[in-house]
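Asker: Okay, here's what each chain looks like letter by letter:
2 protein chains.
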Amino acid sequence: MIRTAMSAVEELAACLGSAVISGADASLAYRRDRSLLTAAGTPAAVVRARSAEHVVATLRIADQRGVPVVTRGAGSGLAGGANAIDGCIVLCTERMNRILSIDEHTRTATVEAGVINSDVATAAAAHGLWYVPDPGSRDFSTIGGNIATNAGGACCAKYGVTADHVARIKAVLPGGQIIHTGSATRKNTAGLNLTQLLVGSEGTLAVIVEATVRLRQLPSETATLVATFPSATAATSAVASLTAATEPSLVEFMDNTTIAAVNRMTKMGLDEAAGGMLLIQCDGDSAHTQIERCAAACGELQPIELYVTADAREGAALMQARRVALTALEKCGSTLLDDLAVPVPQLASMLTAISEIATRHELLIGTFGHAADGNLHPTIVFDAADPDAVFRARRAFSDMVARCLELGGSITGEHGVGQLKSSFLTQMVGVAERRLMGDIKSVFDPRGILNPGRGV
Amino acid sequence: MIRTAMSAVEELAACLGSAVISGADASLAYRRDRSLLTAAGTPAAVVRARSAEHVVATLRIADQRGVPVVTRGAGSGLAGGANAIDGCIVLCTERMNRILSIDEHTRTATVEAGVINSDVATAAAAHGLWYVPDPGSRDFSTIGGNIATNAGGACCAKYGVTADHVARIKAVLPGGQIIHTGSATRKNTAGLNLTQLLVGSEGTLAVIVEATVRLRQLPSETATLVATFPSATAATSAVASLTAATEPSLVEFMDNTTIAAVNRMTKMGLDEAAGGMLLIQCDGDSAHTQIERCAAACGELQPIELYVTADAREGAALMQARRVALTALEKCGSTLLDDLAVPVPQLASMLTAISEIATRHELLIGTFGHAADGNLHPTIVFDAADPDAVFRARRAFSDMVARCLELGGSITGEHGVGQLKSSFLTQMVGVAERRLMGDIKSVFDPRGILNPGRGV
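Residue numbers (my numbering), protein chains in the order written: chain A, -19 to 436; chain B, -19 to 436.
Bear in mind the hints are in silico, worked out from the structure with no lab data behind them. Incorrect hints may appear among the rest.
No distinction is drawn between identical chains; accordingly, a pair holds when it is met within one copy or between any pair of copies.
Simulated pairs of lysine to aspartate or glutamate, EDC-like, Cα-Cα distance not exceeding 16 Å [as the list claims (entries may be wrong)]:
| no. | residue 1 | residue 2 |
| --- | --- | --- |
| 1 | K150 | E413 |
| 2 | K138 | D379 |
| 3 | K138 | E227 |
| 4 | K311 | D363 |
| 5 | K247 | E336 |
| 6 | K138 | D99 |
| 7 | K150 | E33 |
These numbers come from a predicted model, not from an experiment.
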């Protein structure tokens, strides 16, 4: 295995020159994504591809020699899906970062896979347009990685996930064949939907090198509501009323542990006595009417406080409380971040279960998330240097996933399966369905070189 | 082949009793969809399934014996995808028409495949909810068929196609294995997206027996604008301005030929001198503000007339002009309906090409469609009893598809590939991409019994 990988590295270096790095540097900088408690091997080489041709050459060589390839964008993944495998080639798209076009007439952007999400948004905004998907990592994650994990974010409440904004994908198959999927048109039902098959495939089917994403007009107005409640379940109970009353662009949730952690870090003056907080935004021409409707819906559920603002900058400042939630919890210890989605009516039951699991395993768990989608990120805070705490954290993680499945939920709303969820995938999708997924992977990747053992 | 099919019929009859019909009756009522100029064979039997168990039994028997199965809902398809193949089993889901649940809390409906689209919408409306997808066939087409063809409609302009409203699918594989795809949650990125693979697969991968679809709150307001222009291209030029100014829920187009045909049939007092007409609706809290913005955008493009109404019933009456477009053209002769989608900036070029093609082949072509999506239905009106006219109609049809591809368009926006577009599919999607589609089909359907030769 090592000999094969080494000669692959030599061939790669001969073919791609300085785009190929190997040795300790490669290993250090490119062997892990942002997840904790996931395994990471030592790559034989890292290819920092600058073009689709680099990707083609890499996959041709890897496929011939049967060397595993782990593709990564910025390495911002949270499920271990981009961690190196021993002897693999890490194929990094971060240098493929050109915005190829912003088309105002079709309202699309065509970008290389390594372009940062917020760079697309900024380029679009210069044309009065909006790239909507807003994962928490938007300032450092790449479009290619966003597509490969079907990244979500807050605005999904109204506008959907990354999948809903991808029109076309250019990708490379093992062996080096380039494929183009999708259509420039809004409607297209010609043949099987290869685009949506690639979205969320976590580097197991092909390597995404370019994408055309849809843009929208920037919203005319944004109005914001902050609502605090005595308990977390009171806050989540308000979510169904809100979304029945109108269509918020986002409904974010923080529990008491998260509120306190954020307040300690930011001194924003949040109410640390509140059991739960909702941050709600409505956008468009009727943003203010809509936010008043949200406030009325919350008002019927004995909130501690309601605060409404039609000022977009103030709204953005308030949203900052939610955006720093993970950073604030990270200041309390090592964190194991989960990513569960339940039907909205089950949010309260899921929160109750999380609380019981925290007590049972003697752990601090702070929970925040995208409440309108039922997408929660219970974050286990523990001491990674204490083997017993690590053991309890892993147990708590599994217990939360199991409870989520009992409630009819999904084991991953927006982070992907990666390593963290692969042992739960069959239970989630079913035996026959998982076999189909594996057989579809074999269609794209008959030698099984692309991110083996993950995602599918 | 006939002997195999006959014994399959005997086994089916023994197993499913009166659900199985054969002979001339079966052939007459179930051998064709609504398309013209497509081949239709003689089925060995028709199974009018009443349950998923009937579908399982049918596919088990068919797969064992290698008998082709053509699945149909209401037979309202327009591409020949549900026409019988000689010796096949036609598997009809029209009797699987139970609405299993409407869940107000998750805003979803779970229905059997044979439920009529508008019956779902009516049942949802009783709960103040809305099933959005509105294909022209909504009053007689089934949800299963809508999903299998990824049916579109008018409201796609704002709300997307059928694909965007499907949360879960229950389907049966050849051999009889039942699979469940998707998740009850809004966000789910666990494994490959089998749901979106089944959407638009035209009965080639599995037989859809049940689906959970997403519902929305009914919009609070609807406002309507009718705009007439001296030329068809002036009308379509307005589309980009409109959709840049706001987000209409629909933007429907009719050319002069269609306007005249509709007016002759309905005596609605439409302006037969107009070269093109747009019917525009905006919905939601700011519907009236939005429609005024649309009117202002149209006003800058020298319209003949603009008419705005905030009355939803009057709006629905005006929309009727567009809804009867195909019926009105059918009164002028036999019709060959096309379904092309181009990028919106190419609408004018496509219309010019259609006009030139009509002249070249000495045919009447009336064009209407969903302008905001670039989705046009040029409808060739000809004398089906005249072999030369049939020949010219086929030539014109091919010429329009070819021009659509040159303009970066899709060979089918919402009707599917079926028979009518199968010869163009490789050119549309590419050789390697079509091979992937065929290999994916083989994963689901290794013996190739499901709608062979179509869709993929």
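Asker: Would you mind marking each hint as holding or not holding in the structure?
Answerer: Tested hints:
Taking identical chains as interchangeable, the C-alpha atoms of K150 and E413 lie at most 16 Å apart only when they sit on different chains, with a minimum of 11 Å there against 26 Å within one chain. Within a single copy, K138 and D379 get their C-alpha atoms no closer than 30 Å, and across copies no closer than 40 Å, so neither meets the 16 Å cut-off. In this assembly of identical chains, the alpha carbons of K138 and E227 lie at most 16 Å apart whether taken from the same copy (7 Å) or from different copies (14 Å). In this assembly of identical chains, K311 and D363 lie within 16 Å of each other by CA distance solely inside one copy; the values are 12 Å within and 77 Å between copies.
In this assembly of identical chains, K247 and E336 lie within 16 Å of each other by CA distance neither inside one copy nor across copies; the values are 29 Å within and 69 Å between. Taking the shortest Cα distances, K138 and D99 never come within 16 Å of each other, neither inside one copy (22 Å) nor across copies (26 Å). When the C-alpha separation of K150 and E33 is checked against a cutoff of 16 Å, the pair qualifies only within one copy, where the shortest distance is 12 Å, while the shortest distance between copies is 41 Å.
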